[in-house]
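Put chain B on the given structure of chain A with help from the hints.
For the record, the sequence lines run as chains A and B.
The first sequence begins at 1 in the numbering used here and counts up by one.
The second sequence begins at 1 in the numbering used here and counts up by one.
Bear in mind the hints are in silico, worked out from the structure with no lab data behind them.
Some hints here could point you the wrong way.
[Unchecked claim] One side only, chain A facing chain B, incomplete, derived with CB under 7 angstroms:
(1) Leu69
(2) Leu159
(3) Ser163
(4) Thr176
(5) Leu177
(6) Leu216
(7) Pro218
Remember, it's a predicted structure, so these values are computed and weren't measured experimentally.
Glycine residues also receive a C-beta, built at the ideal position from the N, C-alpha and C atoms.
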Amino acid sequence: VDITPEQLRQVVAFRSGSDKELQQVLGASTLRSVEDSEYFFLQGDPAEYAYVLVAGQVKLLQSNTQGQLVNLRTLYPWQLFGALGAVRAQGQYPASAQALEDSGALAIPSNFLREMLAGHPHLSMDLMQLMASYIQEMQSRYMELATERVEQRICRAVLRLASQSGQMVKDGVELTLSREDLAEMSGTTPYTVSRVLADWHRRGMVEAGRERVRILQPHALVQLAEGLS
Amino acid sequence: MSAPQLSAESTIAEALEGSPAITSVLIARRTACIGCYMARFCTLHTAAAVYGIPWDAFLSDLTAAALDSHSTFGGEHV
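Extracted from the complex, chain A is given alone in its bound form (with noise of 0.2 angstroms):
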């Protein structure tokens, strides 16, 4: 495997491991690639791997038992993902990890990397500093799904993509999304979505039509995601 323990140590649950230990971790891995839309594993899969993501994007994918499926998180290089395994023997990925991009990861066996730990407490702690701040970024999307609006949510999620992607249009701005897209980035479903769309049409904000949004009244839905309405 092409990579330094120096690199390795950009992984937050590896900043403190010293050279030799992150070149064991490195002998007892392998190089992954996969595919733009591909998994590196589907939620329910015994977690055999923990991954450290080196090169493309990765989002993490949650679904429930009707198929509807929450974007938990995007991963960036130097991250580290599905490391369930790690402290729980025979776990499962509580997610699918499917890649945005061609992507590749560093596969590293769970049940090396549990007995590693078990010998290393310094690691132990790097990775329970993660967790800590997975904990507080869960904690603090929970607080936004129990108090906002639903219609607060879509309508800053629509204000986003169109800062990122939006095209000046004669009579206003206009981006391309699926009503699944929008129900993902919010945390709803696909008919909310088309319920709240319908309804900003009907009071003139937007034009909705079908994978597109042509925002007619910029000011009025920034005033709404910004609880200013």
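For chain B alone, coordinates are given in the frame of chain A:
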């Protein structure tokens, strides 16, 4: 060097990029333009309209703030 020209058609993003000093005017006028997702699309004139600010007074405040900072700092943003 003179300050970039501000006009009704300048977008908020362009205006802020060319003349960061107008930030104080946008805040004093109680707009939510700073950090707004729509700054790339919304013009100064639209902002004045949606916040109910008289256009002429708004433009003159913005221009004064922009010119002031350019003369103070010799045209360099600091």
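Q: With a cut-off of 7 angstroms on the beta carbons, see whether serine 163/A makes it to chain B.
A: This interface hint holds because 4 angstroms falls under the 7 angstroms limit.
Q. Is the shortest C-beta separation between threonine 176/A and chain B less than 7 angstroms?
A. violated (16 angstroms)
(Q) Given a cut of 7 angstroms on the nearest C-beta pair, is the interface hint for leucine 216/A held or broken against chain B? (A) Hint on leucine 216/A: violated, closest Cβ of chain B at ~12 angstroms, above 7 angstroms.
**Q.** Closest C-beta approach of leucine 177/A to chain B relative to 7 angstroms, hint status
**A.** With a closest approach of 15 angstroms, the leucine 177/A hint is violated.
Q) Going by Cβ atoms only, is leucine 159/A closer than 7 angstroms to chain B? A) At about 4 angstroms, which falls below the 7 angstroms cut-off, the nearest Cβ of chain B leaves the hint on leucine 159/A intact, so it holds.
Q: Against chain B, run the beta carbon of leucine 69/A and see if the smallest gap drops under 7 angstroms.
A: violated (24 angstroms)
Q: With a cut-off of 7 angstroms on the beta carbons, see whether proline 218/A makes it to chain B.
A: Hint on proline 218/A: holds, closest Cβ of chain B at ~4 angstroms, below 7 angstroms.
Hint compliance for this structure: hints 1, 4, 5 and 6 are broken, all remaining hints hold.
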